[in-house]
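J.: Given chain A, put chain B in place with the hints provided.
2 protein chains.
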Amino acid sequence: MSQAVLDAADATMSRLLRLAQKFNCFYLSGFTSGECKPFIVEGFQVGLVRPDVMKQLLRYPEVFCVSSGSVELNPAFRDYEERSNKINEVLKELRSENTFIALKGWRDECYEVRTEFNAASLLRLDRSATCLFGIRNYGVDINGYVKHPTMGLCLWLQQRSATKQTWPGKWDNMVGGGLSVGHGILETAHKEAMEEASIPSDLMQNLISAGCVSFYFESERGLFPNTEFVFDLELPLDFVPKNQDGEVQQFELLPVGQCLERIFLSDYKTTSIPVTLDFLIRHGLVSPENEPYYTRIIELLHVPLQKIYSNAKTTVHKQNGQSIIENNVAS
Amino acid sequence: MSQAVLDAADATMSRLLRLAQKFNCFYLSGFTSGECKPFIVEGFQVGLVRPDVMKQLLRYPEVFCVSSGSVELNPAFRDYEERSNKINEVLKELRSENTFIALKGWRDECYEVRTEFNAASLLRLDRSATCLFGIRNYGVDINGYVKHPTMGLCLWLQQRSATKQTWPGKWDNMVGGGLSVGHGILETAHKEAMEEASIPSDLMQNLISAGCVSFYFESERGLFPNTEFVFDLELPLDFVPKNQDGEVQQFELLPVGQCLERIFLSDYKTTSIPVTLDFLIRHGLVSPENEPYYTRIIELLHVPLQKIYSNAKTTVHKQNGQSIIENNVAS
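Protein sequence lines, in the order shown, are assigned to chains A and B.
The working numbering puts the first residue of the first sequence at 1, with every later residue one more than the last.
The working numbering puts the first residue of the second sequence at 1, with every later residue one more than the last.
One should not assume that every hint holds.
To be verified - Stretch-level coverage of chain B by chain A, calculated; a stretch enters the list once three of its residues show a Cβ under 8 angstroms from a Cβ in chain A:
no., region
1, 204–212
2, 287–296
3, 299–309
Read the hints as simulated data drawn from the structure, not as lab findings.
These numbers come from a predicted model, not from an experiment.
For each residue, glycine too, the CB sits at the ideal point set by N, CA and C.
Chain A on its own, in the form it takes in the complex:
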């Protein structure tokens, strides 16, 4: 297609489609560029490594085998503990050298590394480091909403504390948190609802699971193949969220029409937009009548992350007229 045609297409592209492409910037460009190498653990691809990270990992040949086709965690490591400890030692050294911005957000809180969400974990990794390896990560988000007699459907949003390691001062969904080692999905929802917004357990009885969103974002910190488990919570008119853990600056109740405007602002956390947008779609504010790229946007809220890292052995197959040569990533 000519540049003129592409420019014309871009001009007619909706603001929401641009936003959906922004939180999927890696899915739509980096992923297909071929610059990153598969990260292999126990014969399975569990992530992707960018060239800047690869360069540092080359310094630890006893931990990472960097070849032309992949970065592999030393397969001689015997088990979950040994794999976790060996990689942790490297990360601690890189952190002390200030090599990566990502590691400045070290949390002493780990995420599991799995081939699939419900598979056994291969190792754990500090959550600040998962983006260096493109590890799929999972979180929980609660859309707190109110059916207001005059303002109509409203959403509670939070503004993150100015001192947070990531996305300081940005607007965000009412309650959200990562799924860390040893914590279940509902457990995390209840824990975060209490810590971030002081939602009493009787109100949490109304919590309704409403799906999940998946997208693949990239920032200067690294790669973010994120899946968020989404919950809706109707709150009474007189309830006001109060923060307990110091991670929230303020809460604001906004009519959904204003939420739809706010997600376009630069002070909205990019990786929280999918959850807000999914809520606005499920509750009819964004509809096929007012959004020309409705179907594409909904597909970009559900990109196929669970199957994005292929575990197949070397095969050449035909797909829709394309020849696909797969790497031998399984050992």
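T.: Showing chain B alone in chain A's frame:
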């Protein structure tokens, strides 16, 4: 992976994941088998043609150019009308010969053929014939629900008339219909709600757009890359749907727990399961707490149909370590 490992994986696979694979049977196997050829109109891929259909199209070289890489509608046809008429003449002949089961369901009702949902239409095609060319098609579905004081959340289901051309006698969502030439999404929702279930316009005020589902099914009739625009409609306790157009045998109000069982029965229309399942997910009945393959199932309710037919010119690019050679499908 060894066969034993695959068998073990299959044994632990949830019933819902199997169902999601069933309504995506073409997406998960046929699509990657390479047996079908791209269907090209005006230089754009708009569908896929199976070998059994290709064999018949070879008889009409003045309409279809069948090459080793594609089936192309004669690019000499000047416009929408000429393309529509030429292909219609072929279909009428094939129909009179009883060549394809699909054409026994001839409707005298056309679908548009586009490169993308909101693009200009390239031609129209009788809706019974779209599956012969793997044309993306779009429909509208309404989940009619009731908050019952004793049964809890309930869904109205319809049983299709025993004389319907497709899926006779099968259970289905309360209201649904295809998006045919000249009709908008909301317009179709209102029209079908009246014809199929006699829902008065004052009740339709509560209609809420709730997203869409996309899946790629295959049957003996042909290929079905379907996107359904989904609406929820809360109905009052005392409302009972009544059919007007003779296409419905009966309606039944079922608690959502029983709906979840019914979609597993062989008398549930396979291509209606995604809409019902999406409702059950959005309303918390299927949750990450009770469904181990929750994230994969949600991805299978939103497969990337809008981008599944590539329109790129010949390029070789690297994707996640794979070399992809694309056909030159654009003329």
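J.: Run the structure past the numbered hints and jot down the numbers of the failing ones, going up.
T.: none
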